[in-house]
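Enquirer: Here are the chains, one letter per residue:
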Amino acid sequence: MFSFYLQKLIAAFPFFLEGFWVTVWLSGLCIVTGTILGFLVGLLRISNIKPVKFMAGFYSDITRGTPFLVQIFFIYFIFPEFGIQFEPMEAAIVGLTLLNGGFICEIVAAGIEMIPKGQWEAAEASGFSPYQRMRYIILPQATPGILGPLTGQYISGIKESAIISVIGVMDVTRVGWLTVQRIPNGLLVFSLVALFYFSICYPTSRLIARFEEKTTHREIIL
Amino acid sequence: MIEYFNYRALFDYSDLYLKGLLNTLGISIIALILGGILGVVLCVLKLGKNKAISRIVTFYIDAMRSTPLIVQVYFFYFSLGNFGIDFNEFEVGILALSLHSGAYISEILRAGISSIPQGQIEAAMSSGFSLFQRLRYIILPQAIGATVPPLLGQSISLVKDSSLLSLISVLELTRVGQVLTHERFLPVEGFVTTAALYLLIYYFLKHLSLWSQKRLIFKETL
Chain R
1 MFSFYLQKLI
11 AAFPFFLEGF
21 WVTVWLSGLC
31 IVTGTILGFL
41 VGLLRISNIK
51 PVKFMAGFYS
61 DITRGTPFLV
71 QIFFIYFIFP
81 EFGIQFEPME
91 AAIVGLTLLN
101 GGFICEIVAA
111 GIEMIPKGQW
121 EAAEASGFSP
131 YQRMRYIILP
141 QATPGILGPL
151 TGQYISGIKE
161 SAIISVIGVM
171 DVTRVGWLTV
181 QRIPNGLLVF
191 SLVALFYFSI
201 CYPTSRLIAR
211 FEEKTTHREI
221 IL
Chain H
1 MIEYFNYRAL
11 FDYSDLYLKG
21 LLNTLGISII
31 ALILGGILGV
41 VLCVLKLGKN
51 KAISRIVTFY
61 IDAMRSTPLI
71 VQVYFFYFSL
81 GNFGIDFNEF
91 EVGILALSLH
101 SGAYISEILR
111 AGISSIPQGQ
121 IEAAMSSGFS
131 LFQRLRYIIL
141 PQAIGATVPP
151 LLGQSISLVK
161 DSSLLSLISV
171 LELTRVGQVL
181 THERFLPVEG
191 FVTTAALYLL
201 IYYFLKHLSL
211 WSQKRLIFKE
221 TL
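Line order of the protein sequences matches chains R and H.
Using this note's numbering, the first residue of the first sequence is number 1, and each one after it goes up by one.
Using this note's numbering, the first residue of the second sequence is number 1, and each one after it goes up by one.
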């Protein structure tokens with residue numbers, strides 16, 4: 001029976017590849033848009049204007065404080081009541097962008113706040129415009145601290161993208177869910193699905209680990 | 001456009017919401033406890049002297065951290081039956097969440113343990129402490145103190161992750177929102193209430209985390 005299921009699964013493999021491709025480009029796209037959004041909101045998050053700061057904080061709390069599943073139901077089921085109708089794919093892109101943006105804005109804000117006040121003051125005293133201060137003084141120094149958490153967020157963005165399968169986007173999780181109805185062997189089917197995610201997330205996380213090992217890691221014996 | 005917000009429906013379903021809230025909290029707490037125990041065991045095995053076990057544990061942790069929780073939930077939901085294990089949805093959900101958070105908690109603990117100077121462990125060793133005694137009296141009291149803020153962060157994501165159990169029809173907060181959508185066609189009322197309750201839990205845990213960082217009550221032990 002097992003080899004029969006295996007044969008069936010191999011026959012269904014092209015669908016898994018198609019689904020994997022959707023996962024890859026969708027999460028890739030939303031990582032890019034999310035990063036842009038995150039940086040913009042992150043800059044608002046550290047601004048001195050109270051209402052702007054409050055709104056940016058509220059946005060990041062909403063995206064970080066509610067499950068992504070609820071957010072995607074919000075976008076897919078509630079936005080139409082306000083006249084904004086989305087196809088599943090559009091809802092997925094909007095949802096993932098907002099999610100990534102919410103997490104990245106906190107990372108960016110935290111990275112920028114690590115820079116000592118004196119740097120800002122020195123730049124101001126040297127006659128740098130606000131744009132120049134950001135571009136030449138603050139961001140170059142904040143970037144190394146931001147990169148680690150940012151890559152971590154990219155991995156979790158790829159993993160969160162699995163949730164959009166519930167509104168019918170044909171990503172690799174949805175392909176697995178449909179396949180398991182025909183090939184009733186969850187072990188086989190979802191191991192394959194997991195393997196696809198593992199193949200992107202694991203190398204990326206090793207990359208961060210090696211990057212961070214150089215700075216912080218040390219051996220410890222219990 | 002929405003003309004009114006149907007409070008009456010919410011009163012009709014308030015019992016269900018209470019049940020959902022308690023289930024969400026209960027599932028999260030049980031999974032946190034089980035995941036915490038698993039995390040300690042994994043962490044000890046990973047840092048232990050036996051290289052083969054350490055490799056296997058490392059692989060387990062990486063596999064859990066590099067695949068989406070939704071795939072893991074489906075994996076257990078569709079595969080346990082094949083092995084003749086007859087779990088209901090609740091048990092499958094708690095199993096998946098505990099195994100998932102156990103991997104994360106073990107990494108948090110490892111980071112905490114790495115912050116303890118090796119000299120202390122060596123001192124304990126030369127004082128004749130056994131491995132268990134070293135863990136019980138020297139390592140864990142300090143490591144747990146240093147890991148309280150990240151552990152609270154992990155419990156925030158655990159509460160959010162528990163929403164995925166609604167997909168295998170566990171009655172928790174997100175599921176109640178879905179029930180309201182399906183039975184009364186009130187997605188706005190359903191999911192706004194669900195999201196508000198999640199935000200309530202989120203703000204409570206977030207402020208607990210900020211408070212614990214500000215008080216630094218655990219730093220004194222270091």
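The hints are simulated quantities; they were obtained by calculation from the structure and are not laboratory data.
Cβ atoms here follow ideal geometry from the backbone N, Cα and C, with glycine treated the same way.
Be careful, since some hints might not be right.
[To be verified] Only some residues are given here: those of chain H computed to face chain R with a beta carbon under 7 Å: (1) Ala-52; (2) Ile-56; (3) Pro-68; (4) Ser-126; (5) Ser-127; (6) Leu-171; (7) Thr-174.
Enquirer: Quick one: which hint numbers does this structure break? Sort them smallest to largest.
Expert: 1, 2, 4, 5 and 6
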